[in-house]
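Chains A and B, in that order, are what the protein sequence lines are. Under the working numbering, think of the first position of the first sequence as 1, with each following residue one higher. Under the working numbering, think of the first position of the second sequence as 1, with each following residue one higher.
Treat the hints with care, as some may be off.
[To be verified] For the chain B half of the interface with chain A, some residues (derived, Cβ under 10 Å), not all of them:
1) Asp60
2) Thr73
3) Arg74
4) Ser80
5) Lys81
6) Leu87
7) Lys100
8) Gly189
9) Tyr196
10) Glu225
11) Val263
12) Arg269
13) Thr303
14) Gly305
Hints are computed from structural coordinates only; laboratory data are not their basis. Note that this is a predicted model, so its numbers are computed, not measured. Heads up, the beta-carbon is just placed ideally off N, CA and C, and yes, glycines get one too.
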Amino acid sequence: MADDTLTHPRTSEEPASGDASAGDPSAGDAPAGAGERGLRTWTGPVGPASWGLGDGQAIPWDYAPAPEARDIVRLRPRYGLFIDGRERQSSDGAVFTSVDPSTEEPLAEIARATSADIDRAVRAARRAQSKGWGSLPGKERAKYLFRIARILQERSREFAVLESMDSGKPIKESRDVDVPLAAAHFWYYAGWADKLEYAFPGRVARPLGVAAQVIPWNFPLLMLSWKIAPALAAGNTVVLKPASTTPLSALLFAEVCVEAGLPPGVVNIVPGPGEIGMALVSHPGVDKVAFTGSTEVGRLIARAVAGTDKALTLELGGKAANIVFDDAPLDQAIEGIVNGIYFNQGEVCCAGSRLLVQESIAEPLIEKLKDRLATIRVGDPLDKNTDVGAINSKAQLERITALVEAGVEEGATLYQPACQLPPRGYFFRPTLFTNVAMSHRIAREEIFGPVLSVLTFRTPEEAIEKANNTPYGLSAGVWTEKGSRILLMTRRLKAGVVWANTFNRFDPTSPFGGYKESGFGREGGVHGLHAYVRLEDR
Amino acid sequence: MTTRAPATDAAVTDAAVTDAAVTDAARVDLAHETARELVRGWDGRAMSLGHLLGRVTPVDRVGVEERVAALRTRSIKKASKLWALDLAIRMTDLTTLEGKDTPGKVRALCAKAMHPAPGDPAIPHVAAVCVYPALVAEAKAAVGASGVRVASVATGFPSGQTFSDIKLAETRAAVDAGADEVDMVIDRGAFLAGDYRTVFDEIVAVKAAAGPAHLKVILETGELETYDNVRRASVLAMAAGADFIKTSTGKVQPAATLPVTLVMLEAIRDFERQTGRLVGMKPAGGIRTAKESIQYLVVLYETLGPRWMTPELFRFGASSLLNDILMQIEKERTGRYADPDDFSLD
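Could you build the full structure based on these sequences and the hints that come with them?
Encoded structure:
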């Protein structure tokens with residue numbers, strides 16, 4: 001997962017200074033990445049070629065806009081830090097702005113934490129841990145977690161709308177995936193809180209202490225719940241830094257903590273740029289560091305933590321192979337491919353960004369895929385019919401655009417459907433590259449955008465070789481009707497998660513995490529609990 | 001493939017099929033040749049039926065149902081909703097298939113079919129009425145030149161468990177009585193026994209017997225049970241010359257469902273891609289609300305695109321659906337729900 005911060009520390013603080021429109025490929029009428037960028041964009045009729053629509057012939061039916069109402073969210077003009085159960089301004093009074101990526105309008109001003117605030121938050125967390133939360137019976141901790149889960153469900157629409165406004169993801173995903181899964185994580189870990197001795201039979205599970213958690217902007221609330229739920233269940237307290245482009249759902253979560261009566265200091269939220277995240281993980285009062293974000297930042301954190309007794313888990317980037325064999329259920333594989341790479345605008349660490357297709361079915365599969373791409377609806381994240389929303393930030397849009405240009409320059413064939421993009425906001429067309437070689441940048445680097453690279457293979461052995469030939473190892477997908485082949489592939493693929501005949505499915509009971517440069521440690525399931533306890537003999 | 005000799009003249013065209021002068025024998029030959037062409041067209045070379053069915057892509061149940069669940073959440077409002085409801089009326093095959101059907105019931109149904117909301121010129125007539133063969137003449141007389149077509153079930157509806165020559169004779173009689181469309185059932189017993197040749201040959205023969213009438217082939221998906229079977233039967237029926245494939249008789253539960261319809265639409269899409277032939281789709285049975293009908297149209301639109309958004313290529317087999325659509329149109333126009341009794345039952 002790309003993180004917000006250390007690489008682009010000023011993403012959201014940056015006002016419209018300088019070349020707002022020059023750097024924005026979606027400005028004006030030109031399609032994203034077209035024109036002076038030298039990209040070839042498909043300019044035929046709207047709809048798949050096989051629909052037989054002639055020039056200028058409009059589709060006789062299109063869905064009227066169906067926007068989800070924004071008024072359920074009461075945005076305040078200003079949000080503070082959440083430390084020791086209270087909202088407070090940062091020690092130097094500094095603020096930054098969070099922007100709606102679909103309109104480029106500012107949403108709110110957020111206090112920008114300083115090192116002094118980090119210190120205060122860590123000390124509050126320490127106090128709460130040693131003076132209560134850590135020694136509270138598990139069943140009492142469970143009550144708080146159950147309460148949080150219930151409040152998240154009760155306020156699910158509010159969270160979904162806010163998440164879509166702040167991150168640009170389509171409402172149907174925040175409504176049907178992010179928020180329900182976030183609540184599910186709290187339900188799940190609430191259940192473990194009083195059963196730790198059964199999770200680790202024969203051992204005594206002690207909390208680690210204070211956890212420093214830094215989360216990315218792609219699933220702001222969901223990543224928060226992946227981090228906070230197991231930590232609290234095991235008796236830790238947390239200081240969490242949300243990404244600087246998407247702090248709002250974490251700050252709304254602070255309200256939930258207050259509503260649930262959570263003791264002060266158990267959860268602390270300190271928004272800020274990357275260097276604040278670095279200050280947090282380097283703080284000597286921290287016992288455990290959990291980071292989800294880019295491999296680049298993950299390395300810096302590992303370096304900062306090295307030589308200390310802090311426990312560390314890293315969930316970093318990925319370049320997953322989605323492997324389709326010739327006996328696969330093709331039409332469902334198409335859906336899986338689309339869900340694998342265009343879900344959340346492709347801003348998913350485990351996105352199936354490399355499609356490996358058996359050569360014998362490559363042609364019909366790519367044809368089907370192109371037809372399917374033409375039906376994807378890109379636009380207002382709050383429209384219930386939107387499939388692909390806005391890219392999270394201008395910086396990320398620029399990165400995607402640059403990598404797509406590199407793909408064209410290296411000789412891959414670009415395909416983009418001719419969908420209308422909104423005139424404002426950070427949008428990018430769903431993109432498909434064919435004739436991709438393993439050596440191309442678009443086949444090796446994590447793009448973190450709606451860009452799919454299609455490669456082919458001839459035999460299962462070749463598929464395994466190509467799938468594993470990447471510095472990453474987070475996830476993979478296998479599409480085949482043959483059960484024995486699924487088992488073979490899952491054994492041989494070097495990836496933390498392997499999906500069979502599906503993709504991008506998440507569940508709180510299932511561990512998630514990577515190999516190699518995708519990090520280490522697992523989140524979810526009992527494994528996720530393990531990362532937040534110290535096991536002692538009885 | 002058939003065992004019959006090929007048609008005498010390769011240049012025989014579709015137009016000839018409608019020519020009343022064509023003899024029965026030539027008609028049978030033509031149907032066989034067309035089917036042979038379709039099988040061949042499937043991927044450009046002559047193939048056996050077994051080979052053709054061996055290449056039918058499998059269907060993943062979870063994936064199909066997830067896709068349908070996603071499409072169900074599409075939100076259709078305002079002008080698009082009114083357009084869809086109007087189209088749904090024009091696509092309806094208003095149906096009565098009961099042992100107690102009488103000429104009076106059929107005449108009443110035809111009146112409703114021609115004027116679903118009498119006095120409201122903005123409401124179109126439905127596509128067709130669908131009746132048992134014995135009532136075709138009555139229906140034909142009632143609809144006259146209104147543009148509403150008459151569809152007849154045939155071939156031992158609903159089970160199909162009768163003799164082949166009776167099925168053909170029934171088909172011919174229905175067409176002679178004036179049926180514009182024939183809704184046949186496949187021999188599910190033969191299909192499930194793996195005897196695809198029997199099913200295939202029977203469809204070819206019925207297509208020949210139906211002559212100029214449009215042939216809809218009912219798969220009875222509720223009895224085929226698996227999506228793999230549904231997809232395979234769809235390919236079989238299309239390759240044998242079906243003009244439409246249809247889910248159900250309405251006599252078996254489950255009847256039409258969205259996932260089954262999606263599987264059949266995907267088979268139609270592949271068939272068109274490989275043979276160039278556009279085959280129609282008719283979900284039938286169990287579709288009762290306007291909301292459901294719009295969900296079917298969404299699945300149709302996102303799978304086959306706007307070319308299929310016409311009564312020539314998509315129908316609803318339904319009886320109670322029509323009044324719910326009328327109520328919804330009224331609601332869209334006035335903002336208020338009407339009393340169900342404001343609309344005639346048939």
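Now the hints, each set against the structure:
1. Asp60: holds (4 Å)
2. Thr73: OK, holds: Thr73/B within 10 Å of chain A, min 6 Å.
3. Arg74: holds (6 Å)
4. Ser80: With a closest approach of 5 Å, the Ser80/B hint holds.
5. Lys81: holds (7 Å)
6. Leu87: holds (8 Å)
7. Lys100: violated (39 Å)
8. Gly189: violated (26 Å)
9. Tyr196: This interface hint is violated because 20 Å lies over the 10 Å limit.
10. Glu225: Status violated, d = 17 Å.
11. Val263: holds (8 Å)
12. Arg269: holds (8 Å)
13. Thr303: holds (9 Å)
14. Gly305: holds (4 Å)
In summary, the structure is inconsistent with hints 7, 8, 9, 10 from the numbered list given earlier, while agreeing with the others.
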